[in-house]
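Residue numbers (my numbering), protein chains in the order written: chain A, 13 to 227; chain B, 13 to 227; chain C, 13 to 227; chain D, 13 to 227; chain E, 13 to 227; chain F, 13 to 227; chain G, 13 to 227; chain H, 13 to 227.
Simulated from the structure, these hints should not be mistaken for lab results.
Nothing here was measured: the structure is a model prediction, and the numbers come from that model.
Certain hints may be false.
[What the hints assert, rightly or not] Computed spacing ranges between beta-carbons, pair by pair:
1) C/R227 / E/K93: 55 to 61 Å
2) F/L144 / E/P90: 43 to 49 Å
3) G/N80 / H/K89: 36 to 42 Å
4) D/Q50 / G/N80: 51 to 57 Å
5) A/D95 / G/H78: 26 to 32 Å
6) G/D142 / F/L144: 56 to 62 Å
7) B/D61 / G/H78: 40 to 46 Å
8) H/K89 / G/D74: 54 to 60 Å
9) C/E127 / A/N149: 54 to 60 Å
[Unchecked claim] Think about it this way: if two alpha-carbon atoms lie no more than 27 Å apart in a straight line, the pair counts; the simulated DSS-like pairs of lysine-lysine are:
10) H/K93 / H/K70
11) E/K93 / E/K79
12) G/K143 / B/K47
13) H/K143 / G/K96
14) G/K96 / G/K143
15) A/K47 / C/K143
16) A/K47 / C/K79
17) C/K79 / C/K89
18) A/K79 / A/K89
19) D/K96 / C/K96
20) G/K143 / A/K143
21) D/K79 / F/K96
22) A/K143 / A/K96
23) H/K70 / A/K79
24) B/K79 / B/K89
25) D/K93 / D/K70
26) H/K47 / A/K79
27) A/K70 / A/K47
28) E/K89 / E/K47
29) A/K96 / B/K47
30) G/K70 / F/K79
31) C/K93 / D/K96
32) B/K96 / B/K47
33) C/K47 / E/K79
All residues carry an ideal CB built from backbone N, CA and C; glycine is no exception.
Protein chains: 8
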Amino acid sequence: GFAKLDHNRSLRQGFPEVVYCEGKTVEQVAAIMEKLAQVHNNILGTRADADKFAAVQKVLPDAVYHKNSRLIFVERKPLPKDDKRYIAVVTAGTSDLPISEEAALTAEIMGNQVERVYDVGVAGIHRLFDKLDLIRNANVVIVVAGMEGALASVVGGLVERPVIAVPTSVGYGANFQGLSALLGMLNSCSAGVAVVNIDNGFGAGRMASIINHMR
Amino acid sequence: GFAKLDHNRSLRQGFPEVVYCEGKTVEQVAAIMEKLAQVHNNILGTRADADKFAAVQKVLPDAVYHKNSRLIFVERKPLPKDDKRYIAVVTAGTSDLPISEEAALTAEIMGNQVERVYDVGVAGIHRLFDKLDLIRNANVVIVVAGMEGALASVVGGLVERPVIAVPTSVGYGANFQGLSALLGMLNSCSAGVAVVNIDNGFGAGRMASIINHMR
Amino acid sequence: GFAKLDHNRSLRQGFPEVVYCEGKTVEQVAAIMEKLAQVHNNILGTRADADKFAAVQKVLPDAVYHKNSRLIFVERKPLPKDDKRYIAVVTAGTSDLPISEEAALTAEIMGNQVERVYDVGVAGIHRLFDKLDLIRNANVVIVVAGMEGALASVVGGLVERPVIAVPTSVGYGANFQGLSALLGMLNSCSAGVAVVNIDNGFGAGRMASIINHMR
Amino acid sequence: GFAKLDHNRSLRQGFPEVVYCEGKTVEQVAAIMEKLAQVHNNILGTRADADKFAAVQKVLPDAVYHKNSRLIFVERKPLPKDDKRYIAVVTAGTSDLPISEEAALTAEIMGNQVERVYDVGVAGIHRLFDKLDLIRNANVVIVVAGMEGALASVVGGLVERPVIAVPTSVGYGANFQGLSALLGMLNSCSAGVAVVNIDNGFGAGRMASIINHMR
Amino acid sequence: GFAKLDHNRSLRQGFPEVVYCEGKTVEQVAAIMEKLAQVHNNILGTRADADKFAAVQKVLPDAVYHKNSRLIFVERKPLPKDDKRYIAVVTAGTSDLPISEEAALTAEIMGNQVERVYDVGVAGIHRLFDKLDLIRNANVVIVVAGMEGALASVVGGLVERPVIAVPTSVGYGANFQGLSALLGMLNSCSAGVAVVNIDNGFGAGRMASIINHMR
Amino acid sequence: GFAKLDHNRSLRQGFPEVVYCEGKTVEQVAAIMEKLAQVHNNILGTRADADKFAAVQKVLPDAVYHKNSRLIFVERKPLPKDDKRYIAVVTAGTSDLPISEEAALTAEIMGNQVERVYDVGVAGIHRLFDKLDLIRNANVVIVVAGMEGALASVVGGLVERPVIAVPTSVGYGANFQGLSALLGMLNSCSAGVAVVNIDNGFGAGRMASIINHMR
Amino acid sequence: GFAKLDHNRSLRQGFPEVVYCEGKTVEQVAAIMEKLAQVHNNILGTRADADKFAAVQKVLPDAVYHKNSRLIFVERKPLPKDDKRYIAVVTAGTSDLPISEEAALTAEIMGNQVERVYDVGVAGIHRLFDKLDLIRNANVVIVVAGMEGALASVVGGLVERPVIAVPTSVGYGANFQGLSALLGMLNSCSAGVAVVNIDNGFGAGRMASIINHMR
Amino acid sequence: GFAKLDHNRSLRQGFPEVVYCEGKTVEQVAAIMEKLAQVHNNILGTRADADKFAAVQKVLPDAVYHKNSRLIFVERKPLPKDDKRYIAVVTAGTSDLPISEEAALTAEIMGNQVERVYDVGVAGIHRLFDKLDLIRNANVVIVVAGMEGALASVVGGLVERPVIAVPTSVGYGANFQGLSALLGMLNSCSAGVAVVNIDNGFGAGRMASIINHMR
Ligand SMILES: Nc1ncnc2c1ncn2[C@@H]1O[C@H](COP(=O)(O)O)[C@@H](O)[C@H]1O
Ligand SMILES: Nc1ncnc2c1ncn2[C@@H]1O[C@H](COP(=O)(O)O)[C@@H](O)[C@H]1O
Ligand SMILES: Nc1ncnc2c1ncn2[C@@H]1O[C@H](COP(=O)(O)O)[C@@H](O)[C@H]1O
Ligand SMILES: Nc1ncnc2c1ncn2[C@@H]1O[C@H](COP(=O)(O)O)[C@@H](O)[C@H]1O
Ligand SMILES: [Mg+2]
Ligand SMILES: [Mg+2]
Ligand SMILES: [Mg+2]
Ligand SMILES: [Mg+2]
Ligand SMILES: [Mg+2]
Ligand SMILES: [Mg+2]
Ligand SMILES: [Mg+2]
Ligand SMILES: [Mg+2]
């Protein structure tokens, strides 16, 4: 009753509706994921806490929980991956890892090869240049950064591929829960950068996956 | 002296540095575009007023001005276009046209076929459904909308291609110069939508072009 | 002493003063509801936590608690309902249910037939069209949505009845606790939409009830 | 080409699409209004400056301009009005008149009797009480106020009919172009108040008209 | 070491430095109040939680705690009060009581007669008129209100005495922790109203006391 | 018709309604002031431009215009002033003069002796100390400051009289049209400071006058 | 009368009071600068338009105007400069030049050698590396950038000297008049960066000069 | 794997990378600090809670925790200090101590002599003047203040040395978590003041240290 699952989304968009777990009760999350799993092989829940995972696991024992990124996975028939075309997930600092892993895991379950480039924030920019080839050879690049989010502009100026920027809420004071990184990325002086919501690793992974599957 | 042109950007990114004309003097704009035109066939200036165009035209008589979109073009050797893969530019209302034309013209000069779908805002959603095939067959979709920017979410739920959303400053009162459309698009419940700055038609056209050239 | 109950409000406005429980002590809430119940048959408390309900139940054993919507009800003499004229409560996502139930339950206790249309957010707009007749035949429509709140504009363009829009705080990041949905709804390009406060299901139910009782 | 008129809106919603003139060129406004006038008897353009009206008048010589409220009217076959059920337009101060006239004129062209109650802001509340009967006997009430917008709450507590509140941008400093009145009205402690965008007299008139035509 | 008590403030301003307890450690609060009590008869701490009071009580056994208003009092030699000139503390709703009591108690310890007028918010304005004489005969008026804060403007228009307005954080959603009431009060169309910080009952009591002692 | 003058305000509050000229037409301002002048000896219009004054002067030839402060005065029977009790108007910088003169002139026409203390901003605090006696001997103190508005806190800590703080919009960048001074003054660590709207010299003068007339 | 010049500031701080020309009348600016020039050799006015300069030039014929940076200079006895210790002024884009010149010229008149490094924004970061030695050898570094302001973090991570960051209002849309660059710079992940107000080239030049004169 | 330590930062900037502990797991913090301690003598972690310190202490038994300031120190080979050139850390109120100690301790571990001047906020400005010599003789001054942050401007006007201002989140209501102090400091009318992020004591200590080591 309470949910109208959008089953044909997997036809329209190549992956079934993803469950946004926040604001739903434990029972609702479990019931929705159970229903989805009757129709689809691979399903995903985002922003789930441990209690919600516990309830899901009761009805779907093969569900997996990525605690830091708060993702619930059921992956019964992994999608094929083109290992020539990978998505690079470039992360500014260790504190941004929960969000960048959300992006990377989302992209993987949706059938993409992912290369992770961690801890290359602009405060020590030589770390980024050490990894430049790996980044430049990616088919799509996701940049995850908090605080001032400057990494997106720097990477955007160095690659010729589309850059999906994810501002994170990492920081304090005048970062205003991610506003500083968000505004920074929206105002990037590098063209070829588009932005998703603060802490929306899932959205970035989904967007990158769509682009990466284009032929 | 005052400008350090980034000539090898056309190597790195397939199109030379685009001139952001706001905040530059008339003389600076003319000098920069003249220098770029010595090295590149096709050049672009954004957010230019009529005075700046007049100065450019003196040094580059083949420059063209798109008044409503405030673009200056020099297009001496049009880039080839793949007419199978087009970019759809979907616009909510007539008042958003200056920005959506900025996106469309940018995409065209960068070598893309563009289909324009105008005036299909959600207040009369049947207008959008009349054009659904044209939108769904696009390779990349740009959605331009002001006020509440709802069109991006609706289109994002209907297509399987990447959607680049451009919030415009069209509206008044609590639209706070485009903030309402921006926040709406960033919080889109449709995955597969990424956002550029308010009124940044150029950025959307550039991003769509990069994606559209991927193979 | 601490409260001056506005008993003649039920004369002026057809329903007694509703108790806003937040910021009141447990004792104050219980005492106020007890006093109201001495004069009125049907009373309502909003935004009440379980502790406050427990205290109310001690003095009013027939009080009922709607936990997710945080409402306390005493309904001793249900008001008559005109079942030809119903209010449709249209909800974007499952996470918005606590607020949309607050609206629906408020409308019901105030003597209205309510039809609930759940989980029809714009990410999968066919779900909305499946329910279009039910929505179009309503006398008044309440739309409850978080994130970008686009559903209000879409529904507003499809019906000829008044639409009361309730932005919810569902979402994260740049939704800024409901600001994105609020601004989206205020800037709706569909006329015939008016807005209440973020998460104010009660206010929407009350407003819809007033309109629905007009002859 | 540039506009896709939503002609069947007058079927769906009892009045043809209203032209939002801001952000459109003079030529676009004239062309759109001309086309609408070929199909509809009564048409309306909002937020139009004198230049746009001049262009419209050339193609539609019977067009009328309400300068302070920036409305363009063509009213060839006035809609019938039920003079028992009137809409009261209650205005706080003289400076709010352009917006309250926009509401009143919109309601009139859409077929409603309107009673105007001017200059009854809360700084001298006896002025409001002098007019209380006129306000209480209205079928729907529109309240237009700038600065702190307190009038909406006061009126909302005195009437049993629906109140549509219009915050205006009248004021300065910490009114932040109407934000103070907007937030005040959204947070009204009086239930039965719903809010439209800052300075959106048109939207309030439209909403009140829809409610006033309900039977 | 960590605090430099401003003992001669009681000379300059008639009451010793008041201790702002938030952000100080339990030990710091106790030590500061102990020191002040060695020099002054009457001392006051604001925004203190129960733990801090417990620590103070150990060193100052005659300290008193007003829990809801989070005040710590030591009042050894009550100041004389002029019972002809009283301060009226006018409160909109029961939820605002913690703040209005903070104002009233502050004014009392500083040597003022206080009359409390509770629960007279504008949603039922007759309640205010019932108390009008009491309010008009006050020497100074404090108005405490949350949500839209309209009460300050209404009272400001009815009295000829200075009105000190205290916005509270009571409300939710677009009240943004008191911003709506703050902006409403700052934009009051009634002259003769000045505003203190959100939830700053202490500041209002202090200001009213200073005015009330003027001859 | 368009204005309902609140003539008995001069009974209630000792001075007739003051005309807020912004947002009124030239004709409205002239008509309102003419009507007021038929009943009252001394009248005041605020925020008036030169055109509005010209129109007023035609109907009231003895009207006077204070251009920088945008005030219109008619003062036919100056109110008596108690020269023992003066109001000090303390101004931070020369750029704040239009606002501080608005406060001073308002206080004077309302029957108060005023002492002006100019250009004593905290960047050179010795200038303030040079004038300390003049400030400390005032009956009421108005502090007018833009930028960070620190002067209000400094003065508030030095005097025992009530301080009315007026934030001005003087500054640029992160002053956000006066927000920085407003927030600074609201958060003043000196008790005994209350705040009026940004650039509201009139409101401060009125408030100070009310206090100064108390006995 | 209207200004209290702080002549001994040049003793305290090595340079006389600088005149902030905005919000002052033409006459006030001319009078203040004339007075200062009677006591000091070198004086400076900021944010002056051409009219104000014209008035100054009448009384001080040797005054010089830097139009783009809106500075008025009188430099009669240039201060000595230590050419070993220079200040690098590093600018992101050509549109930021008015502000970076304000910083550079301020530093020069205050007796500093300045090296200008222009147009090295992060969109083409190789341009910055080409100038790295010049920047690293500076004694103090000023970074001027608009849009996302990322350059401050990148430079801050590359140098060991203090970096003064100046956010500019260059940009549009979600840059909100410089807010994006300001927040970006305040949240810089590079330590050793401190920030001045948006567009405050003068403040940065002054701060850098103070540091550069330390021994 | 998860962190790429920037070991050569101590070459570039005289002190190794400082670990920002927020948003990192307990295990990550311990591992990163352990690795840093293998290469560097003195290391620092900021914004660490007690759990993270416990984990660090297990791997680095000589680590020290400053609880109120949430700093973790390992200081094996204290850096030499020039006791002629000290940094003054000037604090407004006792509630600001955690942040000012963060600044002072950071400066000390980086090899600076520090003088602490506590509790000299502008509400009692004579306390500041009592310490003026100590402040004026400092080589660099850090000012830490919450609420309105006025102390930075006052100190900035009194010293000739660079002032680093740290806004704190101390306060409530319209301080908006430090925004009021931040804006106040950015808009300081005293030149020679630069600002770091809200509550960023570390950043101020680092910046002051860099300046203090200049010769
Ligand atoms: N309290 C702090 N505030 C701001 N930045 C910091 C703080 N502590 C450390 N940092 C810097 O923030 C960056 C943190 O990056 P990471 O540790 O990889 O997340 C490094 O450049 C640190 O030097
Ligand atoms: N003053 C107004 N405020 C808000 N919406 C309006 C106003 N006037 C017209 N509209 C609506 O705004 C939309 C304009 O879209 P377009 O004319 O295509 O740009 C239509 O749905 C109009 O009905
Ligand atoms: N982490 C996420 N962020 C944003 N949107 C999401 C996220 N996870 C799922 N969604 C989408 O949000 C919508 C949730 O609607 P509902 O589940 O009905 O509340 C669906 O369209 C999902 O695909
Ligand atoms: N400068 C001013 N700022 C704020 N309120 C004012 C000002 N001047 C007049 N007022 C008040 O604003 C109200 C204006 O109402 P009205 O003139 O009807 O628009 C009256 O209550 C005036 O006393
Ligand atoms: Mg790191
Ligand atoms: Mg249209
Ligand atoms: Mg759903
Ligand atoms: Mg009036
Ligand atoms: Mg009540
Ligand atoms: Mg001055
Ligand atoms: Mg450039
Ligand atoms: Mg203290």
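Numbers of unmet hints, in rising order | 2, 3, 5, 7, 10, 13, 21, 25, 29, 32
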